[in-house]
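Number of protein chains: 2
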Amino acid sequence: MSEKKRRAGAAAAGPASSSKKPRASAAASYAESLRSKLRPDASILATLRSLASASASSSKSKAAAKFLADHDPPDDPTSSYIVVADQDSASVTSRINRLVLAAARSILSGRGFSFAVPSRAASNQVYLPDLDRIVLLHRESARPFANVATARKATVTARVLSLVHAVLRRGIHVTKRDLFYTDVKLFGDQSQSDAVLDDVSCMLGCTRSSLHVVASEKGVVVGRLVFADDGDRIDCTRMGVGGKAIPPNIDRVSGIESDALFILLVEKDAAFMRLAEDRFYNRFPCIILTAKGQPDVATRLFLRRLKVELKLPVLALVDSDPYGLKILSVYMCGSKNMSYDSANLTTPDIKWLGVRPSDLDKYRVPEQCRLPMTDHDIKVGKELLEEDFVKQNEGWVKELETMLRTRQKAEIQALSSFGFQYLTEVYLPLKLQQQDWI
Amino acid sequence: MSEKKRRAGAAAAGPASSSKKPRASAAASYAESLRSKLRPDASILATLRSLASASASSSKSKAAAKFLADHDPPDDPTSSYIVVADQDSASVTSRINRLVLAAARSILSGRGFSFAVPSRAASNQVYLPDLDRIVLLHRESARPFANVATARKATVTARVLSLVHAVLRRGIHVTKRDLFYTDVKLFGDQSQSDAVLDDVSCMLGCTRSSLHVVASEKGVVVGRLVFADDGDRIDCTRMGVGGKAIPPNIDRVSGIESDALFILLVEKDAAFMRLAEDRFYNRFPCIILTAKGQPDVATRLFLRRLKVELKLPVLALVDSDPYGLKILSVYMCGSKNMSYDSANLTTPDIKWLGVRPSDLDKYRVPEQCRLPMTDHDIKVGKELLEEDFVKQNEGWVKELETMLRTRQKAEIQALSSFGFQYLTEVYLPLKLQQQDWI
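The listed protein sequences derive, respectively, from chains A and B. Okay, so the first sequence: first residue is 1 according to the UniProt record's numbering, each after it adds one. Okay, so the second sequence: first residue is 1 according to the UniProt record's numbering, each after it adds one.
Same shape as in the complex, but just chain A:
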């Protein structure tokens, strides 16, 4: 039975909705007509193969590759911004030892002690167009123990340094919450130990994962990917519909292998589930991953590792609203409060595949599946138009302007109005065939 017939049968079973049929049918039959535009998979695969090989050779991608490879030495005083790097436990431990010894010497010489902490104030952060990400500048503030204003924070800093030292010596990983609980009375609330942990990361010039303090994971991955999680070999084509949970500690991930042609980054788990159940990655070899909404650190680190090691193009499937774009920006440029670690957390050159504001008309998404933007949406959208990372991509500016002009948004799931598998059977294949990403 054809999909069309199936849908017709389904519609017939819903007698009460017939009053709205004429309009919905027009959109639906147009949407179905797009199916006939699809070329054979072999032809689409050829497109994808050229995309994948271009990803290693084009000038833009070369810049990205350079970006991914380049790390200024973390303590290089000539660099105009702070770059933290992954460090092994021995090296982080010895950095802590050096800091503590310096403090001890300072105390013995009668000068008390003070930490020099890079300032993470907004005024010390800047977006660098060359790097295409937010970085932290070099301004530091002193945190002397012998000062009423900073005594507490200096104490907290010393305590966090000692705790990180203990974690590294045991060779284990802990969460920020664990860290907080080792001394609730001192830290007061978790936001304080978290903030100081970020300070310590800057002070030591290493990433938070090097400190073995991890965030809880929520991302999942399926598709043409094999890797080792803490030594266990994981074949992501054999992870059913649920997928493999992305490990919280990226330094236990190794042996990444793949025959995928691209990475498909998905905003929501509903779309992820559709793609996993339909085994989309077997039709078009790809790696599919989602952070289920706002990206967490573990998923960002994992995506970056995939990009660095496999050099695959990354295509993003997000909602057509300001938050979809904002999520893209976090993956690509990082978030402000972790700007010091932007080099390790960000993945440059992500293509916006869909759902884009222009898709709504192009695919004739029915009016009733579009949602009016709220005042807050419009505010966020306008703010995004001012962001450097949006401005430098003309296509993105146009799309965002379209969104703000029409004042309409839509979720990925809106495509379900053409049939539950429209996403995997028509929309995505057509997008790939037409190389319709920006």
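Please note that the accuracy of each hint is not assured.
Since the list gives no way to pick one copy over another, a pair counts as held whenever it fits inside one copy or between any two copies.
Taking lysine-lysine and the BS3-like style, the derived pairs with C-alpha atoms no more than 30 Å apart in a straight line are [said to hold, decoys possible]: (1) Lys153 x Lys398; (2) Lys351 x Lys176; (3) Lys379 x Lys185; (4) Lys176 x Lys326.
Derived from the structure by calculation, the hints contain no laboratory data.
Position chain B against the provided structure of chain A, taking the given hints into account.
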């Protein structure tokens, strides 16, 4: 180097916190002294083995086994409450056909049509002590199309029936969100299509998973478990630290095998990560799972499946606060808004292993790691004391009374104050050794 020495070394590295040391040290050294009480693992394993075999033979467990096996036939009019059951697609489809044919006949005979929908009002729900769960009684309300008050809802019901029919014919699974988007204009907002979906589930006498409408998953599992997810064989001892994401569609899970002695149900992902990284399941053969907070439907279905097929005891590790207990109650007795499906979603006879209010003194959790209960906490705690499912377990009542008297709560992570691995190295082994669950 011993753990004690390590901790001492760590403490020495944190010079500024010395003022609080004496008290913390007393608790810490007591906590450490508990380590010496631990018998060899072989002896603890013997305890667990007897627990596991008891789980198949004790009278209480027999009742549970009966409970798990017994399903009143879903349409049995003699039963005093509604029981929905898992049904295969063919059977659900034919039930829908019958409903629609009845409606058609009714229309042709000039009487219009009306759905008889089981009422899901609180007054139609009751906790049955014999069954140890919340059930839905038989009261129904009519939903005629030819009535201004119900015309819309009857329309929505017909539409949802038709959509479910379409999903079943395609043999796929969709999310509630997908369903909503097929007709946004009719449904208005998702809470309406969700509510009608629950109605349809009751009307058809089948579970929501039988309708192939799934919730997004957030649970993860590791440990001594092998199962097939959509045909892919998953070995949960080889899922690294991240674990395997629990599949959203339980009917694609098959071939469950395990050599575990118990199932460890964990409230939070931080504790899950600790257990996974320390490979706790290799020392004490178990299956470890978490829903990362409030349990979702997929995790509850999965736990129940494990319990039914493996007949293992289930031990729960939750925060020592009213929400920890509330989470236990959802696993055990179900939530009110899905009472019609409580037989399929609940797992009876879960033991409360920890962290229990009495543990705080028993393990001398330092004062600074305990948190004062808020007014809202106290309110929730008092409400729980009135719940039948708490009342019937004397031990639980005592613990809850202790919590309310001391007005203190604590998270699982509070145990980190004795060292990050105290949970896996001392607390849990000692609990298991002492059979300290209620």
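Hints, verified against the model:
Taking the shortest Cα distances, Lys153 and Lys398 never come within 30 Å of each other, neither inside one copy (46 Å) nor across copies (41 Å). Within a single copy, Lys351 and Lys176 get their C-alpha atoms only as close as 33 Å, which misses the 30 Å cut-off; across copies the closest is 29 Å, which meets it. In this homomeric assembly, Lys379 and Lys185 come within 30 Å of each other (Cα to Cα) only across copies, at 26 Å, whereas the closest approach inside a single copy is 40 Å. For the identical chains of this complex, Lys176 and Lys326 are neighbours both inside a copy (25 Å) and across copies (25 Å), given an alpha-carbon limit of 30 Å.
Hint check: a violation occurs at hint 1 only; the rest are consistent with the structure.
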